[in-house]
Amino acid sequence: MEERLNQLRASAMERLAAATSPEDLRAVDRDFVGKQGSLSELLASVPSLDPKDRPIVGKGANLLKRDILAEIDKRKGELEAAEIDAQRSGSDFDGTLPAAAATRGSLHPLTLVRREVESIFVSMGYEVLDGPEVELDYYNFQALNIPADHPAREMQDTFYCDREGKLVMRTQTSPVQIRAMERLKPPFRVICPGRVFRNEEPDATHEHTFHQVEGLVVGEDITVGHLSGVLKGFLRQLFQKDIEVRLRPGYFPFVEPGFELDVRCPFCTEGCRTCKNTRWIEFCGCGIVHPKVLSAGGIDPESWTGFAFGFGLDRLVMLRYGIDDLRHFMGGDLRFLEQF
Amino acid sequence: MLISYNWLQRHVDLTGIDPEQLGLDLTLSTAEVEGIEPFAAHMAEVTVGFVKSREPHPDADKLGVCTVDIGGDEDLQIVCGAPNVAAGQKVAVATVGARLPGDFKIKKSKIRGVASVGMICSVRELDLGDEHDGIWVLPEDAQVGQPVSEALSGLTDWIIEIDNKSITHRPDLWGHRGIARELAAIYGRELKPLDLSLPQTASAAGVPVGIQDGACSRYIALAIDGVQNGSSPDWMRHLLLAVGQRPIDLLVDLSNFVMLDLGQPNHLFDRKSLDASGIQVRMGRAGEVMQTLDEEERKLGTSDLLICSGDKPVAIAGVMGGAGSKVGNDTSELLLEVAAFDAVTIRRTASRIGLRTDASTRFEKSLDPNMPLQAAGHLVRLLQELQPNIHLPSVPTDAGDWTDPAMTIELRGSRVRRLLGVDLDNDAIAKLLASIDFGVGLNGDNLSVRVPSNRATKDIAIEQDLIEEVGRLYRYDNIPERRLTGEIAPTPFDERQDLVRRMQDRLSGGAAFHEVLSYSFVADSLLAKLGAQAGPYVTLVNPVVDGEVSVRRSLIPGLLGLLEKNRRHHTDVRLFEIGKGYLPENSDERGLPGEVHELALVWTRPEPGKKARFDEALFPQMQAVLDDLCIQLGFGQPCWARPEDGQALDPWFHPGHCLQGHFVARGNPKDSRAPLTIGKLEPGLHKPLGLSQELAGEAILARVSLDGLLESAKPGFRYQAIPRFPGNKVDVALAMPSAVPAGSLVEAIEKAGKGLVKSAELFDHYTGPGIGEGRKSLAYHVLLQSDSKTLTDKDAAKFISRLERLAGELGGELRSE
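Just so you know, the protein sequences line up as chains A and B, in that order. Following our numbering, the numbering of the first sequence begins with 13 at its first residue and continues without gaps. Following our numbering, the numbering of the second sequence begins with 89 at its first residue and continues without gaps.
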């Protein structure tokens, strides 16, 4: 009988070693351990054995059953591990197949850069204001120290909305300066991004509709030094590098002294197309708020001083993304927009 | 404006100052220099030659064959057709390889069979004047072999271009002397004295001048006799050429020279062509005409200031002289006019007749009324140097009621320091101001500043203007940068800005809409297509494009105008814009039109296929976008309803397929607002908008009023407990009469559930065979769920039987469960 047990063991272990699937393991289980299995048959025959052999066979059979079950478990684990190993292979994977089409929309590039500009100023304690695009002549010109006969009115090629010249498409975001002064108590810091209009034929570098960002700071002792400090701080954030600026005389009726602020070209060290080989890029007009403008806004120019600046957003966006034609911005062409 | 470096040297010694450095310093202290270029750079490639001989050309009578020594080893043989070329002359020779203006490159050639190596040039060929009746004969002392630019010192010059916009407020900078004054201050050098006094005249009575209008505040008339016109001297010609003025003849050149030197325009009349009664300065009359120097017939009007001889106009004041009294070759008796005219009058006339001249550009800057007499003196003295025999037969007439604008302004040293943010003491301030000829008296902390008349006409009027002068002469780039300090309150929350930002993010995300910015002006042609009511619109008086006069009331027309061109490249076009519209009927008391803020969306793509699910149509898709947006923004699910009968809708909405979304108004639960409108595109507009044939498809529009949303209440969000008991899912399909809206059936389902219906989701909507005419089938997944127990099949059966009864009441029946 002992020989029979050894045979069964050898046969079971051989089949288990050769098993390649869970079915094979189940078959071994059925053929040896199952109700009709060889071991069960052997155990069923125990009562008919010589009493001397009974414990040997019973014990041996149970031992064998335990070993077979253990081996099945072990082989099961091995087969599962082998299966996972097989899954791990990448041979059936084509990494060059296209991804499923993602549906995504886009934000206008002017929105993207405008948000950057806004968050930098908000982080420096500025409030973001809005103002009307169809504006009273009073806010667009008069209150900004541009009286009726001032040549600046012609310089700026205004769209007029009535024959009396009382209503205009705002030519600049500066009217919001007056609106801010009327509404806020100094000291304050505001910016106003928005669209402005000039009566110009559109081409690659001109548009009759474009975008500016106005800034105004009013406080007790605001100086020229603050103006360059603030704009430099802003530009450093925007271009993410230390950037040199310079102030030079510039004429705007609503500031005195008035400046042009140039930025050291962030794109080159030797001169390039963007800076027209001058190493400087004209960035914005700015200055100390004219006392007449403070008065028009209801602020006493003896007690308070301030600075104001205004820069073109479109140009910043063009610089940022290398866009060479201003007309894309208002053109509404998806082939342009969907890139952003 | 162009400035010549050599010309500046007449007024200030610039020794040792490189032109590039000069440009930079002017930019940083005075006015923007746009560029610096060498004058007549091509002259470096043109050599002084000596004509040794001129032989006739064997085959052409008019040509000569010259042997020219240019200082090289060999003489050049040059064929030349000029009649005046002769042996013994010094001439300008462009050798092989030289480039002349007009990108003309000199090559070896054969002219009628004779080799020619180089070219003997005329003045015009070298772009140094208009003379072309012969070659340019150089002075005898020109050294053979030298570049002409070195042989003639006036040709070595630099042209400095100043941005006109940067000096619109500076009447004093429109001549070389003004710029030189700035440079003298910048470099601490002396502005060379210049005798501008008028030489002695004879004592006869001057030319009579009558001024009939205040637009002329000063008019100086001076007779000059014994003049001989001709060419102006080379030095003057070269300076004029450097700043872009073509030399004409001595008198014209002299007049221009004085203007460009001092910035004061002036005019020379041929006195013989003038009426003996003298000059009258008056406004024009309707219908008057005059021929100007450029031989154009000008129609004059009552707003134009005219210079008249007797009653006949002979010049448009400050703009251009008349052809009839123009100086010419035989002019010998002159009348010199130097005047002060009103800036606005001159600007308007120049702009009205479209003739902006060097003179009008200067007059419109408000020139110093002291200058006319100085300019007259300058002109006469220059002429006298060239033609010592001229004489002045009568006293100058100096008419007009002008006043000297020079003024005194008190300047507080403390204010200078406070605004500029630099620690400049009063002596330093005084020194800076004195460097540009301001008179300064110190008076405690105050400075008493005398502003000279050439700065006081417009630019400088108040203390802060003086602070600008101090700042720019100190140089702004010397002012240290500072950081703002102070108390900062939290920035107030702006709900509209927040809405805009969140809308942009949501729509450009999963909803896959693209943000556009469209123009604020809508074309008449588009409005006509849309059949939009005539308005009212805010309209432009002076549009840039004819027919684009209307300022948008809504953003939708602008977006509709973009559909066709985008559909040509994209099957699915989803656009949105957030912006402003203007309603003139809502103008405030000051005349400012009502401003509306809105979000507009358009979506178009081809019709879905026959097998598409009912909710693949664009309408429910767009509705889902809006539902999602409103929930995301915190307003909750909008309540949708068809517009009431007779309610006015924008003409681009399909009147039958349109819904409005309502919310409860803030602070007043009974008031409900409809900030949302969604609708198919009006069927009649598909073709006019180009959405037909291969571009045909569904098109849905939506408008969200931001103003309306901001007036709507936000219900506030509360969390709901996760259900403790499992739900029971039941699918039901009901055949209903077509007229019964799905909404009524959902009400029936909810009623049948007696509070247990947690959701009822439509998953099939079918009309056609098997259902019967005038009927439709609607199938729902219904979830029954209780908060207090696990539901059994019995509960579901009860629900079904109640629903069967309720559906029956609506004229329908249960098809299956």
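Please note that the accuracy of each hint is not assured.
Which stretches of chain A does chain B cover? Using the computed rule of at least three CB atoms under 8 Å from a CB of chain B, they are [unchecked claim]: (1) 18-30; (2) 63-73; (3) 81-94; (4) 111-122; (5) 174-183; (6) 270-280; (7) 328-336.
The following label-pair restraints were derived from C-beta to C-beta distances [what the hints assert, rightly or not]: (8) B:Gly389 / A:Asp345: 33 to 39 Å; (9) A:Ala113 / B:Pro743: 42 to 48 Å; (10) A:Glu212 / B:Pro696: 55 to 61 Å; (11) A:Leu81 / B:Glu704: 53 to 59 Å; (12) A:Glu212 / B:Ser365: 45 to 51 Å; (13) B:Glu704 / A:Lys178: 51 to 57 Å; (14) A:Ala112 / B:Asp819: 42 to 48 Å.
In silico PhoX-like links for lysine-lysine, alpha-carbon gap of 25 Å or less [claimed, not checked]: (15) B:Lys668 / A:Lys178; (16) B:Lys198 / A:Lys304; (17) A:Lys304 / B:Lys668; (18) B:Lys817 / B:Lys877; (19) A:Lys304 / A:Lys253; (20) A:Lys288 / B:Lys198; (21) B:Lys775 / B:Lys842.
It is worth saying that the hints were derived from the structure and are not from the lab. The C-beta atom is built at its ideal place from N, Cα and C for all residues, glycine as well.
Evaluation of the provided hints:
no.: 1; hint: 18-30; in the structure: violated (count 0)
no.: 2; hint: 63-73; in the structure: violated (count 0)
no.: 3; hint: 81-94; in the structure: violated (count 0)
no.: 4; hint: 111-122; in the structure: holds (count 7)
no.: 5; hint: 174-183; in the structure: holds (count 5)
no.: 6; hint: 270-280; in the structure: holds (count 3)
no.: 7; hint: 328-336; in the structure: violated (count 0)
no.: 8; hint: B:Gly389 / A:Asp345: 33 to 39 Å; in the structure: violated (46 Å)
no.: 9; hint: A:Ala113 / B:Pro743: 42 to 48 Å; in the structure: violated (36 Å)
no.: 10; hint: A:Glu212 / B:Pro696: 55 to 61 Å; in the structure: violated (45 Å)
no.: 11; hint: A:Leu81 / B:Glu704: 53 to 59 Å; in the structure: holds (56 Å)
no.: 12; hint: A:Glu212 / B:Ser365: 45 to 51 Å; in the structure: holds (48 Å)
no.: 13; hint: B:Glu704 / A:Lys178: 51 to 57 Å; in the structure: holds (52 Å)
no.: 14; hint: A:Ala112 / B:Asp819: 42 to 48 Å; in the structure: violated (30 Å)
no.: 15; hint: B:Lys668 / A:Lys178; in the structure: holds (20 Å)
no.: 16; hint: B:Lys198 / A:Lys304; in the structure: violated (74 Å)
no.: 17; hint: A:Lys304 / B:Lys668; in the structure: violated (31 Å)
no.: 18; hint: B:Lys817 / B:Lys877; in the structure: holds (15 Å)
no.: 19; hint: A:Lys304 / A:Lys253; in the structure: violated (37 Å)
no.: 20; hint: A:Lys288 / B:Lys198; in the structure: violated (43 Å)
no.: 21; hint: B:Lys775 / B:Lys842; in the structure: violated (50 Å)
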